[in-house]
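Going down the list, the protein sequences come from chains Y and E. Numbering-wise, the first sequence is residues 0 to 103 according to numbering that gives the first Met the number 0. Numbering-wise, the second sequence is residues 0 to 711 according to numbering that gives the first Met the number 0.
Please note that the accuracy of each hint is not assured.
In silico lysine-lysine, DSS-like type, Cα no more than 25 Å apart, as pairs [as the list claims (entries may be wrong)]: (1) Lys200(E) - Lys86(Y); (2) Lys87(Y) - Lys208(E); (3) Lys618(E) - Lys86(Y); (4) Lys497(E) - Lys87(Y); (5) Lys86(Y) - Lys32(E); (6) Lys87(Y) - Lys618(E); (7) Lys195(E) - Lys87(Y); (8) Lys213(E) - Lys87(Y); (9) Lys86(Y) - Lys213(E); (10) Lys208(E) - Lys497(E); (11) Lys195(E) - Lys86(Y).
Which chain E residues stay away from chain Y? Per the calculated CB distances, all over 12 Å, these [stated by the list, open to error]: (12) Pro63; (13) Arg354; (14) Pro456; (15) Gln620.
So the derived list for chain Y, only partly shown, Cβ under 7 Å to chain E, looks like this [claimed, not checked]: (16) Val26; (17) Gln27; (18) Asp45; (19) Cys46; (20) His59; (21) Pro89; (22) Leu92.
Since the hints were made in silico from the structure, they are not lab data. Since we're looking at a predicted model, the values are computed, not measured. Backbone N, C-alpha and C define an ideal beta-carbon position, used for all residues, glycine too.
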Amino acid sequence: MPQIMPHVVTENCRLCLFTDCVEHCPVQCFHADDERSYIDADACIDCGACIPVCPVQAIHEVFEPDEEREILALNAERSHALPVISKKLPPLLSAAARRVELGF
Amino acid sequence: MSVHSAETKTVRGACPQDCPDTCAFIYHVEDGKLVEVTGDPAHPMTRGGLCVKLKDFAEHHYNPDRILYPMKRAGSKGSGKYERISWDEALSTIKSKWTDIIDQYGSQAIMPHAYLGNQGTANGLTAGDAFFNRLGSTVAEKTYCESGSSTAWVMTVGPTGGLDVESLAYAKYIIVWGMNMVSTNLHAWPFVLEAKSKGAKIVVIDPFKSRTAKQADWHIAIKPGTDAALALGMMNVIIQEGLVDYDYVEKYTLGFEDLKTRAAEFPVERVSEITGIPAADIVKLAREYATTPPAAIREGVAVERSPGGGDAVRAITCLPALIGAWRHVGGGAVEMPIYEFPMSVAHVSRPDWIRPGTRVINELDLGAALTGKMKLDPPIKSVFVYNSNPVSQAPDAGELVRGLQREDLFTVCSELFITDTAKYADILLPSTMQAEQYDIMVTWGHLYIMLNQPAIPAPGECVANIDLFRRLAKTMGFNDDYWDLTDDEWLSLAYDWKSPALEGITLDILKQDGWKRLNVGMPDVRAPHAEGNFKTPSGKCEFKSSMAEGGNMVLDVWRSGYTEMQVGGYVDPVPNYIPPAEVIDSSPTKPARFPLNLLSPKPHAFLNTQYGNEASQMKRQGEQRIMINPSDAAGRSIANGAYVRVFNERGTFEAKADLTDDVGAGLVVTNVGHWPGLNRTGTAVNSTTAPRHANLGQAGVYSDNRVEVERI
């Protein structure tokens, strides 16, 4: 049955890429490029374990899919095009400044 | 103006769900209110995360629909109309009704109905056993899940914990056989991924492309109910090609020659025809499994849910010994490690109170038992339901509802909510939820003993099951010391704390730390059957079972500790393939009227029916849907997203069609767990399932179900 309540990574991740999420994800559903990560909704099992561990609150559950079509499409498209991140990476050099800018 | 500072505290707990993961909880309480439930980051299985089912668990405790007081029926049976009464009135009504029934029909006219709505030692599956054994009721055989597998497992390797699921991290070849792990054993999946990261191959055997199958290296789509044929076909290849570990077989197994003869009846061409799996794939699977040590099998309960389910579990459980997989850390089979926990059935269930000759009725037959189809003498005049919701979970729901509608049936239900079953009760009793009660949780998927401590007081007049049965015992005039035991005294007697498995572990330590690993060896070194040491009568892995001579049986834990009055019946000493009764092509007498085979696996966001009435979880799970192959949909003019009627001669329900290649032609898949009363027609999948039993352990045959699907 299709994924109906997916989780997504938002722009808050851009220039941070803390990747604490991948340490807590039981199904390895995070994929990343050089700037940020994305969730593969086909693999995500909606447990939400990643949400509280993100230092910049970049992950949330999509409760109203119709209202967040763009972010869903972006996560789906990019996650399918990029490799899985299965181990925590060092944050980007810009992460500390970006975190301050985001107010966390 | 005063500045309010919230008083916050955390309390250690454990998950109550009927799930192998039994997660370690941390309850977060602010000003006396449960605000959040999180996973313990230090627990090696829980690892800080829970699952989608538990997302709103704190809020669930405050669901406004909870039953907070005893109530009596104030409308017709099934109307769901109730009015509040006192505990005194509830108990005196029960006493008066039961006394009359016992006087007129005898105590066996009363039957309990329980399952694993809560997994506690004191409040779970067996919470009412001692009371009902003392009362002299009919013994209820509780075989909704695992009984077929556990009989099969014990017949083959004995009551052993088998392979630790955490040891999967050390395997090089993992077969997940009939289990959607990422939905139903999520906290074991990281060990599978760890193995994969070290090069292991992950194979999933499942009739449809489940969430787990999509994550596998190789998904093998098998026809439902044909798993024994595949296992025997693999053995055929392994034996023919000399891939047997003859040294292990000679030292630690019994009946190899008989198994060899049986396997010879299953050449790959025949197995391919039975299972629908290409012959080359069967050969490849057998070769890879036998030559990639350590090889592990994660056995799913789904395998048992077909007429030959018991022998399928036996055949699969024979495989590791045949290739010597048990020699290695990470090799062997995971089924249910519950046998490592030294729980005392004698104390928990008090089978010594069962009167000689007491009859047994299987819970899956409750409908027929209540409607008179079983021609019982005495008839069932009262049923007491707790920890279970048979109108949703039992097969042939229509028959059961007809039984529960009987005006002369006195039904009592201890519940959290007015479920589809509870709405037929004459008396409703309010039950506590997990954060409000105290218990050692029974664990069937890992090797940690877990304590759940109450974090908040019970609301209204809710009581834990252990207290409920103390009250009932006093009401019925039982004056045994047993009913005066405190919770701690009772739990102290429920486990053998002096056993090696619990050495160094006490209730006080558990109160402090919440959980402890049993002393059974760590996952990176544990290889329980490297040198045999099976718990069977012969001490060997029994390809030819010595227990078969006793006939079909259900283990005592599923039947209130009772060992008499077993269903019996012939059991082949060597596992065989017993075909399904209803699936496609297997029943020429029942041709095309119901051409589709319906499977009903567990939901993703509910735990069976639990949380199926919680708004956020209903939104996550979505409405009742059915997966259908586009080719089957096209012939029926069914469009994607259209509502369809699913039916057979037993019943009907409606669902929204998902057209997908994740199911092959001829197969349809929906999930169990949606509350029938919240569905479009007041029914759900178990309106269509058959009230028959698998060949072992009286398991249900939920997967052996033919239906037709039509556009509405």
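Taking the hints in turn, this is what the structure says about them:
1. For a cut-off of 25 Å, the pair hint linking lysine 200(E) to lysine 86(Y) stands: about 19 Å separates their Cα positions.
2. Distance hint between lysine 87(Y) and lysine 208(E) is unfulfilled; the C-alpha atoms sit about 30 Å from each other, more than 25 Å.
3. Proximity of lysine 618(E) to lysine 86(Y) is assessed by CA-CA distance (about 32 Å); at most 25 Å being required, the pair is judged violated.
4. Restraint check for lysine 497(E) and lysine 87(Y): not satisfied, since their Cα atoms lie roughly 43 Å apart, outside the 25 Å limit.
5. Among the hinted pairs, lysine 86(Y) with lysine 32(E) is inconsistent with the structure: their alpha-carbon atoms are about 37 Å apart, more than 25 Å.
6. Distance restraint check for lysine 87(Y) and lysine 618(E): the Cα-Cα separation of roughly 32 Å exceeds the 25 Å cut-off, and the hinted pair is therefore not satisfied.
7. Distance check on the hinted pair: lysine 195(E) and lysine 87(Y) sit about 17 Å apart at the alpha-carbon level, within 25 Å; holds.
8. The hinted pair formed by lysine 213(E) and lysine 87(Y) meets the criterion: a straight-line CA distance of about 24 Å does not exceed 25 Å.
9. Distance hint between lysine 86(Y) and lysine 213(E) is fulfilled; the C-alpha atoms sit about 21 Å from each other, no more than 25 Å.
10. Only pairs whose Cα atoms come within 25 Å are accepted, and lysine 208(E) paired with lysine 497(E) is rejected, the gap being roughly 46 Å.
11. Straight-line distance between C-alpha atoms of lysine 195(E) and lysine 86(Y) comes to about 13 Å, which keeps the hinted pair within the 25 Å bound.
12. Listed as a non-interface residue, proline 63(E) keeps its Cβ farther than 12 Å from every Cβ of chain Y; the least gap is roughly 20 Å.
13. In this structure arginine 354(E) is separated from chain Y by more than 12 Å, as the shortest Cβ-Cβ distance comes to about 48 Å.
14. The claim that proline 456(E) is not at the interface with chain Y holds, since no C-beta of that chain comes within 12 Å of its own (minimum 27 Å).
15. At roughly 8 Å from the closest C-beta of chain Y, the C-beta of glutamine 620(E) falls inside 12 Å, breaking its exclusion from the interface.
16. Interface restraint check: valine 26(Y) against chain E, minimum CB-CB distance 6 Å, threshold 7 Å, status holds.
17. Interface hint status for glutamine 27(Y): upheld, as the beta-carbon distance to the closest one in chain E is roughly 6 Å, under 7 Å.
18. Annotation: interface hint on aspartate 45(Y) holds; nearest CB of chain E at approximately 4 Å, less than 7 Å.
19. Taking 7 Å as the C-beta contact cut-off toward chain E, the hint placing cysteine 46(Y) at the interface holds, the least distance being around 5 Å.
20. A least Cβ separation of about 13 Å between histidine 59(Y) and chain E goes past the 7 Å threshold, and the interface hint is therefore violated.
21. At a threshold of 7 Å, the smallest CB-CB gap from proline 89(Y) to chain E is about 19 Å, leaving the interface hint violated.
22. For leucine 92(Y), the interface hint is violated, the least distance from its beta-carbon to any beta-carbon of chain E being 27 Å, above 7 Å.
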